[in-house]
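**Student:** One-letter residues, chain by chain:
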Amino acid sequence: MKDKRPVNLDIGSMRLPITAWASITHRASGVFLFFAMVFLVWALDMSLRSPEDFATLQEVLTGPLAKLILWAIVAGLIYHALAGIKHIFMDFGIGESFEGGALAARFVIGLSVVLILLAGVLIW
Amino acid sequence: MVTAVTSFGRSGTSDWLVQRVSGVILLVYFLFIAAVVANGVDYASWSALFKQTWVRVFSLMALLSLAAHAWIGLWSVVTDYLTERMMGTTGNVLRISSQLVIALVLFVYVVWGVQVLWGY
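Residue numbers (the working numbering), protein chains in the order written: chain A, 1 to 124; chain B, 1 to 120.
For reference, chain A alone in the conformation it holds in the complex (with noise of 0.2 Å):
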């Protein structure tokens, strides 16, 4: 496309509604769990190689830096299943309004909110 057409697309120039900040936390989230998403594999790994390697990552899950970068993976879960859960409703035409979808922007960071501090006291 070679059009001259002025195309403003720089995000840092613009005030963000909720919607905006929803959409944009789904995708951060999901960059992000495509990375954890190593830390996973080599946990189902370990996990299921032998008793001893069992032991040694609930070992290493024990660790405090440990704790936090599970909580970080299941916080982007959390997140990102929610974020996701919002997109399907919004497929079948529910909340589509600006009002409908800042409503659900709110509920799904809110509900993330109470669902990941829950995960953080199982975590610790």
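There could be a bad hint or two in this list.
Output of the computed footprint for chain A on chain B, the stretches with three or more beta carbons under 8 Å from beta carbons of chain A [what the hints assert, rightly or not]: (1) 27-38; (2) 43-53; (3) 66-77; (4) 107-113.
From the structure, some residues in chain B lie toward chain A, with a derived Cβ separation under 10 Å [to be verified]: (5) 15; (6) 58; (7) 120.
To be clear, the hints were calculated from the coordinates, so they are not data collected in a lab. Ideal Cβ placement from N, Cα and C applies to all residues, glycine included.
Take the given structure of chain A and dock chain B to it, following the hints.
**Tutor:** Frame of chain A; chain B shown alone:
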């Protein structure tokens, strides 16, 4: 201009559908694993679970869904931000190199996962 050549199904509608179906599969698998882990596991029960054929099939289904889901999702991200319009020719170079790395990593996840599921 970004063409459809690197998209998953070479069609937006196809990618849209695959993204939803794979997302639902991943959601169900995530809930399944979360429920098992939350109930507490030791090596014996965990490895017995993963010796069952249906768990291996379900896990592979999740793994393949992950590869497709991540490809489509990251395709949307890189074709939005790493583009000629955003940063000139550098955008094209960055986008194509990112996609090569993404494809390689996803391939490793799938093969590594298969090795874990059937190798022990």
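**Student:** Go check the region 43-53 of chain B versus chain A for me, would you? Three or more residues, Cβ under 8 Å, otherwise it fails.
**Tutor:** Result for this restraint: holds, n = 4.
**Student:** Taking 8 Å as the Cβ threshold, is the statement that the region 66-77 of chain B is covered by chain A upheld or broken by the three-residue rule?
**Tutor:** holds (count 6)
**Student:** Closer than 10 Å between Cβ atoms is the bar; does residue 58 (chain B) clear it against chain A? Give me holds or violated.
**Tutor:** With a minimum Cβ separation of about 13 Å from chain A (threshold 10 Å), the hint on residue 58 (chain B) is violated.
**Student:** Taking 10 Å as the limit, does the beta-carbon of residue 120 (chain B) come near enough to a beta-carbon in chain A?
**Tutor:** holds, 5 Å
**Student:** Should the interface hint for residue 15 (chain B) be scored as holding, given a Cβ-Cβ cut-off of 10 Å against chain A?
**Tutor:** violated, 13 Å
**Student:** In terms of beta carbon proximity below 8 Å, does the region 27-38 of chain B have 3 or more residues touching chain A?
**Tutor:** n = 3 at 8 Å, threshold three: holds.
**Student:** Per the coverage rule (Cβ-Cβ under 8 Å, at least three residues), is the region 107-113 of chain B covered by chain A?
**Tutor:** That given contact holds, which follows from 3 residues of the region 107-113 of chain B lying within Cβ reach (below 8 Å) of chain A.
Checked against the numbered hints above, the structure breaks hints 5, 6 and satisfies the rest.
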